[in-house]
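Chemist: Take a look at the letters that make up each chain.
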Amino acid sequence: MAKPTIHHHEYDVVIVGAGGAGMRAAIETGPHTKTAVISKLFPTRSHTGAAQGGMAAALANVEEDSWEWHTFDTVKGGDYLVDQDAAEILAKESVQAVIDLENMGLPFNRTPDGKIDQRRFGGHTRDHGKAPVRRSCYAADRTGHMILQTLYQNCVKLGIEFYNEFYVLDLVMNDGKPAAVVAYELATGDLHVFAGKSIIFATGGFGKIFKTTSNAHTLTGDGVGIIWRKGLPLEDMEFYQFHPTGLAGLGILLSEAARGEGAILRNSTGERFMERYAPTIKDLAPRDMVARAMANEVREGRGAGPNKDYVLLDLTHLPPEVIDAKLPDITEFARTYLGVEPYTEPVPVFPTAHYAMGGIPTNIKAEVLSNNKTVVPGLYAAGECACVSVHGANRLGTNSLLDINVFGKRAGIYAVEYAKKAKHVPVPKDAVDETVALLEHMRNAKGTEKVAVLRKELQDTMDLNAQVYRTEESLDEALAKIAELRKRYEHVQVQDKGMRFNTDLLEAVELGFLLDLAEVLVATAKERRESRGGHFREDYPTRNDEKFMVHSMAYKNGSKIKIDWKPVTITNYQPMERKY
Amino acid sequence: MSDVKVIDEIPTYQVTLFVRRFNQEDGLEARWEDFDVTVHGTDRVLDALHKIKWEQDGSLTFRRSCAHGVCGSDAMRINGRNRLACKTLIKDLDMTKPIYVEPIKGLTVEKDLVVDMNPFYEAYRAVKPFLIASDKPEKERIQSPEDRERFEDTTKCILCAACTSSCPVFWTDGQYFGPAAIVNAHRFIFDSRDEGAEVRLDILNDKEGVWRCRTTFNCTEACPRGIEVTKAIAEVKQAILRGKP
Amino acid sequence: MPTKPAGTLYRGKTGMWSWVLHRITGVAIFFFLLVHTLDTALVRMSPADYDKVIATYKGAIIGFAELGLVAAILFHALNGIRVTLIDFWSKGTKYQRVMFWVVIALAVILFAGFAPRHIMNVIHDIELGY
Amino acid sequence: MVVIETPRSPRSRKAAKFERWGWLYMRISGMFLLVLIFGHLIINLVMNGGITQISFAFVAGKWADPFWKIWDGLMLWLALIHGTNGMRTIVNDYTERETLRKVLNYTLWVVCVSLIVLGTLVITTFDPCVDSSVSHTLSVCK
Ligand SMILES: Cc1cc2nc3c(=O)[nH]c(=O)nc-3n(C[C@H](O)[C@H](O)[C@H](O)COP(=O)(O)OP(=O)(O)OC[C@H]3O[C@@H](n4cnc5c(N)ncnc54)[C@H](O)[C@@H]3O)c2cc1C
Ligand code: HEM
Ligand code: SF4
Ligand code: F3S
Ligand code: FES
Numbered sequence: 001m002a003k004p005t006i007h008h009h010e011y012d013v014v015i016v017g018a019g020g021a022g023m024r025a026a027i028e029t030g031p032h033t034k035t036a037v038i039s040k041l042f043p044t045r046s047h048t049g050a051a052q053g054g055m056a057a058a059l060a061n062v063e064e065d066s067w068e069w070h071t072f073d074t075v076k077g078g079d080y081l082v083d084q085d086a087a088e089i090l091a092k093e094s095v096q097a098v099i100d101l102e103n104m105g106l107p108f109n110r111t112p113d114g115k116i117d118q119r120r121f122g123g124h125t126r127d128h129g130k131a132p133v134r135r136s137c138y139a140a141d142r143t144g145h146m147i148l149q150t151l152y153q154n155c156v157k158l159g160i161e162f163y164n165e166f167y168v169l170d171l172v173m174n175d176g177k178p179a180a181v182v183a184y185e186l187a188t189g190d191l192h193v194f195a196g197k198s199i200i201f202a203t204g205g206f207g208k209i210f211k212t213t214s215n216a217h218t219l220t221g222d223g224v225g226i227i228w229r230k231g232l233p234l235e236d237m238e239f240y241q242f243h244p245t246g247l248a249g250l251g252i253l254l255s256e257a258a259r260g261e262g263a264i265l266r267n268s269t270g271e272r273f274m275e276r277y278a279p280t281i282k283d284l285a286p287r288d289m290v291a292r293a294m295a296n297e298v299r300e301g302r303g304a305g306p307n308k309d310y311v312l313l314d315l316t317h318l319p320p321e322v323i324d325a326k327l328p329d330i331t332e333f334a335r336t337y338l339g340v341e342p343y344t345e346p347v348p349v350f351p352t353a354h355y356a357m358g359g360i361p362t363n364i365k366a367e368v369l370s371n372n373k374t375v376v377p378g379l380y381a382a383g384e385c386a387c388v389s390v391h392g393a394n395r396l397g398t399n400s401l402l403d404i405n406v407f408g409k410r411a412g413i414y415a416v417e418y419a420k421k422a423k424h425v426p427v428p429k430d431a432v433d434e435t436v437a438l439l440e441h442m443r444n445a446k447g448t449e450k451v452a453v454l455r456k457e458l459q460d461t462m463d464l465n466a467q468v469y470r471t472e473e474s475l476d477e478a479l480a481k482i483a484e485l486r487k488r489y490e491h492v493q494v495q496d497k498g499m500r501f502n503t504d505l506l507e508a509v510e511l512g513f514l515l516d517l518a519e520v521l522v523a524t525a526k527e528r529r530e531s532r533g534g535h536f537r538e539d540y541p542t543r544n545d546e547k548f549m550v551h552s553m554a555y556k557n558g559s560k561i562k563i564d565w566k567p568v569t570i571t572n573y574q575p576m577e578r579k580y
Numbered sequence: 001m002s003d004v005k006v007i008d009e010i011p012t013y014q015v016t017l018f019v020r021r022f023n024q025e026d027g028l029e030a031r032w033e034d035f036d037v038t039v040h041g042t043d044r045v046l047d048a049l050h051k052i053k054w055e056q057d058g059s060l061t062f063r064r065s066c067a068h069g070v071c072g073s074d075a076m077r078i079n080g081r082n083r084l085a086c087k088t089l090i091k092d093l094d095m096t097k098p099i100y101v102e103p104i105k106g107l108t109v110e111k112d113l114v115v116d117m118n119p120f121y122e123a124y125r126a127v128k129p130f131l132i133a134s135d136k137p138e139k140e141r142i143q144s145p146e147d148r149e150r151f152e153d154t155t156k157c158i159l160c161a162a163c164t165s166s167c168p169v170f171w172t173d174g175q176y177f178g179p180a181a182i183v184n185a186h187r188f189i190f191d192s193r194d195e196g197a198e199v200r201l202d203i204l205n206d207k208e209g210v211w212r213c214r215t216t217f218n219c220t221e222a223c224p225r226g227i228e229v230t231k232a233i234a235e236v237k238q239a240i241l242r243g244k245p
Numbered sequence: 001m002p003t004k005p006a007g008t009l010y011r012g013k014t015g016m017w018s019w020v021l022h023r024i025t026g027v028a029i030f031f032f033l034l035v036h037t038l039d040t041a042l043v044r045m046s047p048a049d050y051d052k053v054i055a056t057y058k059g060a061i062i063g064f065a066e067l068g069l070v071a072a073i074l075f076h077a078l079n080g081i082r083v084t085l086i087d088f089w090s091k092g093t094k095y096q097r098v099m100f101w102v103v104i105a106l107a108v109i110l111f112a113g114f115a116p117r118h119i120m121n122v123i124h125d126i127e128l129g130y
Numbered sequence: 001m002v003v004i005e006t007p008r009s010p011r012s013r014k015a016a017k018f019e020r021w022g023w024l025y026m027r028i029s030g031m032f033l034l035v036l037i038f039g040h041l042i043i044n045l046v047m048n049g050g051i052t053q054i055s056f057a058f059v060a061g062k063w064a065d066p067f068w069k070i071w072d073g074l075m076l077w078l079a080l081i082h083g084t085n086g087m088r089t090i091v092n093d094y095t096e097r098e099t100l101r102k103v104l105n106y107t108l109w110v111v112c113v114s115l116i117v118l119g120t121l122v123i124t125t126f127d128p129c130v131d132s133s134v135s136h137t138l139s140v141c142k
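Top line first, the protein sequences correspond to chains W, U, B and G. The numbers in the UniProt record's numbering rise by one with no breaks, and the one at position 266 of the first sequence is 266. The numbers in the UniProt record's numbering rise by one with no breaks, and the one at position 40 of the second sequence is 40. The numbers in the UniProt record's numbering rise by one with no breaks, and the one at position 39 of the third sequence is 39. The numbers in the UniProt record's numbering rise by one with no breaks, and the one at position 28 of the fourth sequence is 28.
If you're looking for bench data, these hints aren't it; they were derived computationally from the structure. If you're wondering where the values come from, they're calculated on a predicted model, not measured in any experiment. Note that beta-carbon positions come from the ideal geometry of N, C-alpha and C, so glycine has one too. Any given hint could turn out to be false.
Once the Cα atoms are required to be at most 30 Å apart in a straight line, the calculated DSBU-like pairs of lysine-lysine come out as [said to hold, decoys possible]:
1) W:Lys-115 x U:Lys-136
2) W:Lys-211 x U:Lys-91
3) U:Lys-139 x W:Lys-115
4) B:Lys-94 x B:Lys-13
5) B:Lys-94 x U:Lys-207
6) U:Lys-139 x W:Lys-130
7) U:Lys-51 x W:Lys-211
Not close to chain U: a few residues of chain G, all C-beta gaps over 12 Å, as computed [claimed, not checked]:
8) Leu-36
9) Phe-38
10) Gly-39
11) Gly-61
12) Thr-107
Modelling step: build the complete structure from the supplied sequences, incorporating the hints.
Modeler: Here is the structure:
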C-alpha cells in the first residue's frame with residue numbers, strides 16, 4: 001500500500017471538533033488569531049444538534065432566580081462531587097452565555113413581552129431546593145440544533161477556516177508541550193499535520209461504548225482516547241449518565257423537557273412511581289435517581305410491555321397544542337420510530353446511555369492538567385470531552401449546553417492569550433509515524449475479526465455490566481471481556497483497502513478508542529466502592545464521603561491503568577444527603 | 001391513562017436492497033449491487049445499510065451520524081425519492097419488492113452513496129446565513145412571539161440537501177442556488193432582528209436565484225423536517241417584488 | 001434479475017409531473033405558434049395560398065393534431081393559473097395538489113366539450129370533399 | 001469511462017437582474033393570454049362551423065373590425081414574447097456550454113422579433129382586396 005501523502009499546516013490555534021464547544025471557542029479565537037477548526041463531521045452534523053431541552057441560565061425572565069441557586073442545584077445535582085469554583089463560574093457566566101447566543105441570532109422561544117422564555121427542568125430549583133424553577137432557556141425541543149446552527153452561522157460570518165471530514169488521530173507532543181495534531185483526510189486518505197501554538201480539544205462524548213445510547217454513531221471518544229494514549233490522565237470516568245427517557249429498545253432520546261412540561265412516568269399498573277422515590281419534585285428529580293427508579297420498577301416486575309422491560313411516559317393529559325408547540329420533534333420520534341401516538345398513547349421508555357461526566361481534566365481556564373495540579377501549557381479541552389468538573393457525579397439537564405458555551409468560550413479566550421505570547425513548539429520529524437503505522441497496520445491486517453462484532457460484544461457487556469447498576473463482579477466481568485476483545489482487536493479485519501472515503505478503516509480505528517475508554521470507565525468504577533450520582537454500586541449502595549469525596553484520576557501505565565484521586569474544590573456548600 | 005399499547009414480538013423480514021455502487025479507485029462504472037438482509041420491524045434503511053457494511057461488504061460507503069433524523073448526514077434516494085435513511089422505516093416500504101438505494105442527484109458522486117456536498121454548502125454560504133444587526137444590546141433583543149413565529153419553519157433546516165438534490169431545476173446544470181439556500185436566507189430575511197434582508201434579497205434576485213424555481217414541490221415533499229420549502233421560496237419571491245420582507 | 005443500468009427516475013409527485021407537462025405543452029404551443037404566425041401571414045401575401053394551407057388544417061391528420069394542440073393549451077393555460085396562484089396567493093402552496101386535480105378535471109371537461117364538436121366539423125369537412 | 005449521473009459544473013454567477021421581470025411577465029401575460037387565446041379558440045374553432053368556417057374570407061371579415069385587429073395583435077405580441085421567454089428559460093436550463101446557450105437564445109429572439117414584425121405588418125397593412133381572385137366575393141371589395 002502506497003504511503004499516504006503528508007501535508008503540513010501552521011496555525012496559531014488549532015481546534016479539534018466542531019460541535020458546540022469547538023465552534024464557541026472558534027468564535028473567540030477566529031477574529032484574533034489564525035485559527036483552524038478540524039472536524040470529522042461537517043460542523044452542523046455534530047451531536048450538539050441533537051440536544052433538545054434547553055440551556056440553563058438564571059435570567060429570571062419568568063420568575064425569581066439567582067446564579068447562587070443555580071450553583072447550589074448544580075453542586076447538589078452532581079452529588080457534591082462538583083468543583084464548586086467551576087460551578088460558580090458556570091452559573092455566573094450562564095446569563096452572558098445565553099445573551100451572547102441570542103445576540104448571535106439564536107431564535108429562542110419568547111415570553112409574551114418578547115423576552116427569552118424559560119421552562120422547568122430536572123433538578124433546577126428555587127431557593128436551594130424549595131420548588132422547581134423555570135431556568136431552562138429553549139427553542140422548542142431543538143435547542144441544541146439552534147445552538148449548533150447559530151454557532152456555525154457565526155463562524156461563516158467570521159470566515160473561520162474549517163477542515164471538515166478530517167479525522168484527528170494523534171496529538172504530537174514535544175517535551176511535554178503540544179506541537180501539532182495529525183489528521184486523516186477522509187476524501188483522499190492523505191495525512192495532515194496541523195501545528196498550533198494552542199490546541200483545543202472539543203471532540204464530544206463516547207456514548208458508543210454502550211449499546212443503548214442517545215449518542216450518535218460518530219461519538220466514539222476519539223479526543224479523549226488520544227489524550228489517554230499520550231499518557232495524560234482522565235478524570236471521573238466512572239461517572240456516566242443514563243438518561244431516563246430513551247425510546248425503549250432504540251435509545252433515541254425524549255427530552256426531559258417532556259417532564260418539564262408535565263409528562264408523567266408510570267409503571268405497568270399506571271402508578272406514578274416517582275412519587276415514591278422523590279416525593280417533592282417527583283418526575284423532575286435528577287436523572288440518575290429517575291433512571292434507577294425506572295430500572296428498579298422493571299426489576300421488581302412492574303415494567304410494561306410484553307417483556308415487562310420498560311416503563312411509560314405519559315403525555316396524554318397535555319393539550320395537543322402544547323405538545324405541538326413545545327415538544328414537536330420528540331413526539332415525532334415516538335411516532336416515526338415506535339409508531340406510538342403521544343397525544344393518546346403513553347410512550348415506552350427506558351434509560352439510555354447519554355452523557356460522560358468525566359473526561360479530560362481541565363481547570364477553570366479550560367487548560368488540560370497532566371496531574372492534580374500541573375497544567376499542560378497550550379493544551380485546552382472543553383465540552384463533553386472535558387471534565388472541569390461542573391457536573392460532578394451527575395449532570396443536571398440543560399447544564400451541558402451551558403458548559404459547552406461557557407467553557408468553550410473560555411477555552412477560546414485563554415487559547416488566544418497563550419498563542420499571542422507563545423512560539424510554535426517544533427514538530428518532530430517523526431510526527432506522523434505513529435499514525436501511519438496505526439493506519440497501515442489496520443489496512444493491511446489479514447485478520448479475521450470483524451469490527452462490528454467486536455463493537456457489539458463490547459456494547460453488550462457494557463450495557464449488561466456497567467450500566468445503571470454495577471457490582472464488583474459485573475465490573476470484573478466487563479474487564480475480562482474487554483481484555484479478551486482487546487486481544488481479538490489485534491486481528492481485526494478491514495475489508496476496504498482503498499484510500500478515498502474509507503469509513504471501514506476509520507470504524508476500526510474508532511473501535512480502538514472505544515475499547516480504551518470502556519476499560520478506563522470500568523476500571524475506575526471498580527475502584528469507587530460507593531454509590532454517588534450516576535455511579536451506583538449495589539455492593540456499596542451508599543455514598544461514602546469519608547473515602548470517596550474525591551475525583552478519580554486514571555493514568556495509562558503501560559498496558560495497566562493506575563488510579564489516583566484528586567480533592568474536590570468546595571467553597572460554599574458542604575456535602576449533605578441528596579433528597580428531593 | 002388510556003390503554004397501554006402492546007408492542008408485540010417484533011417480527012423479522014427478509015429484504016433485498018439494490019445499492020448503487022461507484023468507486024473511482026476500482027475503475028468500474030457506477031452499477032447496482034444487490035444484498036439480502038434480515039431486518040426487524042423497527043429497523044430503518046440505515047440499519048439495513050449498516051448490516052451490509054458490517055456483515056457483508058465493509059467497503060460500502062455512506063455518511064451517517066445521529067441515526068434519528070437530526071444531523072442531516074444521510075440523505076439518499078430510496079426507491080426513487082430523497083429521504084433520510086435513518087428516518088425511513090423498512091416496514092413502511094413495499095418489502096415484496098427490492099429496495100433501491102442510490103445517491104442524491106445533481107451532486108458529483110464521490111463513492112457509493114457519498115456525494116460532493118461542497119457546491120451545496122457554497123450556495124448556502126452565499127446567501128449570508130447569519131444575523132446581520134448593528135445594535136449592541138446589553139441584554140437580549142426583544143422579539144414578540146408573533147415575530148418569532150414568522151420564521152419558525154425555516155429554522156428547522158438541517159442542511160441535509162434532500163430538497164436541493166430533488167429539484168429538477170438543480171439537476172439541469174447545478175447552477176441554481178437551490179431550495180436549501182433559499183430556506184436559510186428566508187430564516188434571516190423574516191427575522192425581525194435582522195437588518196440584512198435587502199442584501200439577501202438582492203443576492204437571490206439573481207439569474208440563478210429564486211426565479212429559477214418552477215414550483216415543482218419536490219423539495220417540500222423531500223424535506224425530512226417537514227419544512228414548507230416551496231412556500232418559503234414563494235415568500236422570498238414576494239419579498240423581492242416588494243423590495244422588503 | 002432487475003439490474004437497472006442507470007439510476008432510477010426520480011419519483012416526484014404531482015408537482016413535478018405538472019411542471020413536466022407544463023414545459024412540454026409550452027414548447028409544443030410555441031412551435032405551433034411559429035407556424036401559425038407564418039401561415040396567417042399569408043392572408044396578407046396571397047389569400048389563395050392561405051386558403052390552401054387552411055384547407056390542409058381541416059384535413060384528418062392535422063385536424064386531429066389540433067385536438068392535441070387544444071388539449072395542450074387547455075392544460076398549459078389552466079396550470080398557468082395554478083402556478084400563478086401558488087406564487088401570489090398565500091394559501092397557494094397548501095392547495096397546490098388540489099389545484100392540480102382541479103386543473104386536470106377542468107381541462108378534461110372543457111376538452112370533452114370541445115372534442116366532439118371539432119371532430120364532427122373535421123369529418124363534415126372531409127365529407128364535403130376538402 | 002466512469003459514468004456519474006448528472007455531474008454539476010462549477011458555479012459561475014453572473015448577476016442578471018432582469019429575471020424578475022421575465023418571471024413577472026410570464027404570469028401577467030399568461031393571464032391576458034388566457035382571455036385572448038380562449039376567446040380566439042372559441043370564435044375560430046367552436047362557434048358556428050368551427051374550423052370549417054375558416055378561410056380568407058373569414059379572416060377578412062373579422063379584421064374588418066379594428067377590435068379583432070387589436071385582439072389578434074395583442075395576442076401575437078404577448079404570446080410570442082411569452083413563448084420565447086419560456087423557451088429561453090428552457091434553453092438556459094439544459095445547455096451547459098456557454099456558446100451554445102448564446103446561439104440558441106440569440107436565434108430565439110431573432111425569430112421572435114421577426115415574427116412580431118411580420119405579424120404586426122400583416123395585421124396593420126391588411127387589405128382584404130389584394131388578390132382579386134379571392135376577394136371578388138367579399139362585400140368590402142365590391
Ligand atoms: C440526544 C441528546 C440530547 C441532549 N440534550 C441536552 C439538553 O437538552 N441540554 C443540555 O444541556 N445538554 C444536552 N445534551 C448534552 C449535550 O448536547 C452534549 O453534551 C454537548 O452538545 C456536547 O457538545 P460538544 O461540543 O462537546 O461535542 P459534540 O457536539 O458532540 O461535537 C464533537 C465534535 O468533535 C468532532 N470530532 C470527534 N472526534 C473527532 C476526531 N477524531 N477528529 C476530528 N474531529 C472530531 C466531531 O466532528 C464534532 O464536531 C444532550 C445530548 C444528547 C445526546
Ligand atoms: C393560454 C394562456 C397561457 C397561460 C395562462 C400561460 C402561463 C404560463 C406561466 C404562468 C408560465 C410560467 C411557468 C413557470 O414559471 O413555472 C408559462 C411558461 C411557459 N409558457 Fe405559457 N401560458 C399561456 C400560453 C402560452 C403560449 C401561447 C405559449 C407558446 C407560445 C406558452 C409557452 C410557454 C413556455 C415555453 C413556457 C416555459 C415553460 C417552462 O419554463 O417550463 N404559453 N406559461
Ligand atoms: S430544507 Fe429540509 S430538505 Fe432542505 S436541507 Fe433543510 S432540512 Fe434538508
Ligand atoms: S424542487 Fe425546485 S423548482 Fe422550486 S419548488 Fe422546489 S425549488
Ligand atoms: S444519521 Fe443523522 S440525519 Fe440520518
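Chemist: Each of the hints needs a verdict: does it hold here or not?
Modeler: Hints and how they fare:
no. : hint                  : result
1   : W:Lys-115 x U:Lys-136 : holds (16 Å)
2   : W:Lys-211 x U:Lys-91  : holds (23 Å)
3   : U:Lys-139 x W:Lys-115 : holds (9 Å)
4   : B:Lys-94 x B:Lys-13   : holds (15 Å)
5   : B:Lys-94 x U:Lys-207  : holds (27 Å)
6   : U:Lys-139 x W:Lys-130 : holds (28 Å)
7   : U:Lys-51 x W:Lys-211  : holds (15 Å)
8   : Leu-36                : holds (24 Å)
9   : Phe-38                : holds (23 Å)
10  : Gly-39                : holds (27 Å)
11  : Gly-61                : holds (41 Å)
12  : Thr-107               : holds (19 Å)
Consistency with the previously given hints is maintained throughout, with no hint failing.
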